[in-house]
Amino acid sequence: MNKRILVCDDDKGITDMLQMVLETIDVETFVENDSVHAMAKIKELLPQLFIVDLWMPVVSGDQLIRRLKMSADSKDIYVLCISASRDGEDIARDAGADAFLSKPFDMDELLDAVEKGMNHVHSA
Amino acid sequence: MPKNLKNTSTYEDQGLSPLIYQALDASVSGVIITDNRLPDNPIIYHNAAFEKITGYSKREIIGHNCRFLQGEDRQQPARAKIKEAIQKGQHITVEIRNYTKQGDLFWNELYISPVKDSDGQVTHFIGVQNDITRRKRVEEKLLMEKESVEKKVEERTENLRSSQEYLNSIIETIREGLVVLDPHFKVLKVNKAFLKLFKVSETETINKLLFDLGNRQWDIETLRELLVKILPTNNPVLDYVVEHDFPHIGPKTMLLNAHRIELEGKYKDRILLAIEDVTDRREIEKRKDDFLSIASHELKTPLTAIRGYVQLLKRFISKENIKALDILSKSDTQIERLNNLIAELLDVSKIKSGKLDIHHSAFDFDKMVRDTIESVQLTNKEHKIVLRGSTGVICNGDETHLSQVVGNLLTNAIKYSPDQAQVSVDLARFGDQVKVMVSDQGVGISDSDKKRIFERFYRVKNIQKRFSGMGIGLYICQQIVLQHGGTIWVDSELGKGSTFSFTIPYKK
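Protein chains in written order, with UniProt numbering: chain A, 1 to 124; chain B, 1 to 508.
Hints are computed from structural coordinates only; laboratory data are not their basis.
Note that the structure is predicted; figures quoted are calculated from it, not measured.
Heads up, the beta-carbon is just placed ideally off N, CA and C, and yes, glycines get one too.
Take these hints with a grain of salt, some might be off.
Computed from the model, here is a short list of chain A residues facing chain B with C-beta under 7 Å [stated by the list, open to error]:
hint: 1; residue: 11
hint: 2; residue: 13
hint: 3; residue: 14
hint: 4; residue: 20
hint: 5; residue: 21
hint: 6; residue: 58
hint: 7; residue: 104
Make the full structure from the sequences, and use the hints.
Here it is in structure tokens:
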């Protein structure tokens, strides 16, 4: 079973922390801090779960989600959006994210969301 | 035979019938005859009425010149006229101030007629007196009133002139553009600020229709409708925003206020339009909002990392190390506090720019209150939160925000009653409203502060030293309650505690 997770956040403080949190469960975690390269990473890894921030320079999270959901080979990837902006949930859902957590999130909440994403089987 | 004629030797000398004298005595007018041929023109006859009017007796009258009637009051202009007429032997009518024997003033309307002999020499004068004191008094009163009215009119005119100058100087000093319109929206007057604001001259403005000004910037259907309603309904136009690319000055945001004006007796049915350029202010507000948005986002990012690490650390520490676990739990609580403060800052910014989103959905109101109490109780072990009553309603509103209100009121109640062990929440429902009351027996609020505690960034003076806080919690509560169509208020007494209450309609 595919246990790969790709995390994309321009803030290294967040990705480092997430990496450590995700080490506590049985998954393979990859990190991308530059959203410009995120799409290539997605195509290369085809992870089960994509955790993405919204406010990032050059390519924003919602743009990434839209591209991912438009592309045939990546559209089934479960997208968990994490953002510190209040209207983040609306933007994320609009773009096509499957789940949303507002920063700062509770670790248990995050692990629940990750588990849900990992067990998610796309209907199509 | 009249008694005053008994000792008169003259009437027979005049060869007149006693009947004439009786007629004279019957008259209400005083009548005298003076003999101009004798030195100092003495009185040689008077009738009964003359005695009655003057109060003098016959002895004091006959043989005297008439001047005794004026007493000390000798400078009257009427006297000069009489003197002149007597010298010239002419007929005269004057009004003269006379005095009775007792010294009382009476106004005498005096007719003097000369009697001439066959050579044309004046032998006698006949004087007829009427006491016109009463008429004179009325006349004087009228005159005084007239004078006082004239004085008042003068004062009023002066007041009006100075108040007009005063008003004009205000109108010209004011920095808002002002336009006075007639009922057909023709421009009657503008102030300097208006001309400066739009870089236009009076000639291209006065007597033009408001809607024709510039590049028809005010020709907006909704504005037109509002302006049309002003005169018949007296409803002012308040804070109407016009964003437009104006000639000469470019894209600007203008705030319009219009009122009907009326000056009694001078004009009515005019419209005063005040125009304020709020472009810069809006821009600054927007920048401030953007800044707060970015700042709160940036602050939350490291907070997210810290929280993650703290929670992660908690997992790695063995269950036996109670002290360390306790420290981590407390750290987590503080992180949550910091997070709420940041969220509040952003809320204020959003409320201010009208962007606070209220998401209405149906939820169990009592459960929301219970959950909020539970989470507040979790971090505040010192006070017991007592819940009384219930509403039993499924409420249509923004559960997150309403929970924020209850939570905020509760943490305030706890914060401001440090020496108490209990705070309480009362729930009630009446009609289509639910009511929440949060009470404490703490420090209380003075009357003067009560009015202001819902203001943004307002902090009660003495409180600031004793309790931390930014002064935005109650402001946010109020805004959330208002957005739900409700009301929020406080009942409080210094030193005895406070009860904050809010009501909202639960179905919407």
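Here's how the hints hold up against the structure:
1. 11: holds (5 Å)
2. 13: At 4 Å from the nearest chain B Cβ, residue 13 of chain A passes the 7 Å test, so the hint holds.
3. 14: holds (6 Å)
4. 20: Status holds, d = 6 Å.
5. 21: holds (6 Å)
6. 58: Violated, because the Cβ-Cβ distance from residue 58 of chain A to chain B comes to roughly 17 Å (cut-off 7 Å).
7. 104: holds (4 Å)
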